[in-house]
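Peer 1: Each chain, letter by letter, is given below.
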Amino acid sequence: MTVYLDFNVSSNQGEGKSPPEEMATISRILGFSGLGFADFSQTQTGNYQKLRETLSNLPLKAYSRVNLNFDSVTKNNKMLNRVRRSVDIVAVECLNRRVAVWAARNTEVDLLHFPEIKMYKQVDKSLVGLIYNSENAVEISIRPILLTKGLTRANTLGILRKTAETVLREHAALVLTSDAHTKFELRSPRGLVALGTLLEISYEKAIEAVSKNPLKILERRSDSN
Amino acid sequence: MKLYRNRYIAFKIISESVFSADDIVHCIWSTLLSLFGEVGGSRTNFWLIEYSETGYGILRCTHTSVDIMKSVLATVIELNGFALIMYVLGVSGTIKGARRFFQETVNRNRESNKS
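Taken in sequence, the protein lines are chains A and B. With our numbering applied, the first sequence has no gaps in its numbers, which climb one by one up to 330 at the end. With our numbering applied, the second sequence has no gaps in its numbers, which climb one by one up to 119 at the end.
No lab work stands behind these hints, which were simulated from the structure alone. Where a beta carbon is used, it is the ideal one built from N, C-alpha and C, also for glycine. Mixed in with the good hints, there may be bad ones.
Examples of chain A residues toward chain B, derived with CB under 8 Å [unchecked claim]: (1) M184; (2) P220; (3) I222; (4) Y225; (5) I250; (6) L300.
Chain A on its own, in the form it takes in the complex (with noise of 0.2 Å):
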């Protein structure tokens, strides 16, 4: 059986507005065998342990996450040394090119997350390429596709095609994300994978970005372990 992960929600313990047992309830109800809770981000090193008993009496597997959000890189290396070692995934905002290029190249990063539709921009040819080598993943959330309309939607929709085909053109990994704050942001992992096909994402590979690569992240992370 195809399990499905989703490694970006927040709950009421960090930015989010839903509880983590709803959050969970509902994913579990949607397909999904894991879930990677952000609220990591927000909560101070020490308390990752307290935090992580809060999410261990849920209905499937809880992942823990942390968001590196400096626009410098030494603040981000700083970061990343603390808590590497304390958490499942990290991410990296990549607020700007040389956050993204030192978040490309180094294996001990997961993803390569981008906040804004704009900061997308930044994957190219060469980003990809330093990403395939270290065998990172480029993160792409649907929650802009849901929370926008109009022509803000439709240029949403076409910096997020150019990106995954730039990504998917270079053999890196994709990993597709919900980014859901809510409940009710959740998507089932066919829905995530409906999604990317609006992204002209091929239907294999948009299950590979749920599933497969996700999973690959885990397994390199316990390898390491």
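Starting from the known structure of chain A, fit chain B onto it as the hints suggest.
Peer 2: This is chain B only, laid out in the frame that chain A set:
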């Protein structure tokens, strides 16, 4: 020979409110038109076959527009001011086959509640 064959998509709605069939049809059409335009929408042959206020429904589309309708359902985020999730239970070539997905979902939920 038929130019197109129909497919029946069984779907379920998760929401804190209850919606009527008219609401659902209006919502799907407006999202379909927004994403794919009038020409794209006309090619889907979309029709709401069944819908109950428990949130289960079946819609019809052509065999070539299944992916389009799935992406439309995934894009719907709110209706009448209430947030909702519309997700696909399964796709079948017959209405009877689509209805089986409802029973499978009910059985699966019962088993997971027991465990």
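Peer 1: Now look at each hint and say whether the structure bears it out.
Peer 2: Here's how the hints hold up against the structure:
1. M184: Interface hint status for A/M184: violated (33 Å vs cutoff 8 Å).
2. P220: This hint is violated: A/P220 lies away from chain B, its Cβ roughly 19 Å from the closest one there, beyond 8 Å.
3. I222: Violated - the Cβ of A/I222 stays beyond 8 Å from chain B, reaching only about 16 Å at its closest.
4. Y225: At 19 Å from the nearest chain B Cβ, A/Y225 fails the 8 Å test, so the hint is violated.
5. I250: holds, 7 Å
6. L300: This hint holds: A/L300 lies near chain B, its Cβ roughly 5 Å from the closest one there, short of 8 Å.
Checked against the numbered hints above, the structure breaks hints 1, 2, 3, 4 and satisfies the rest.
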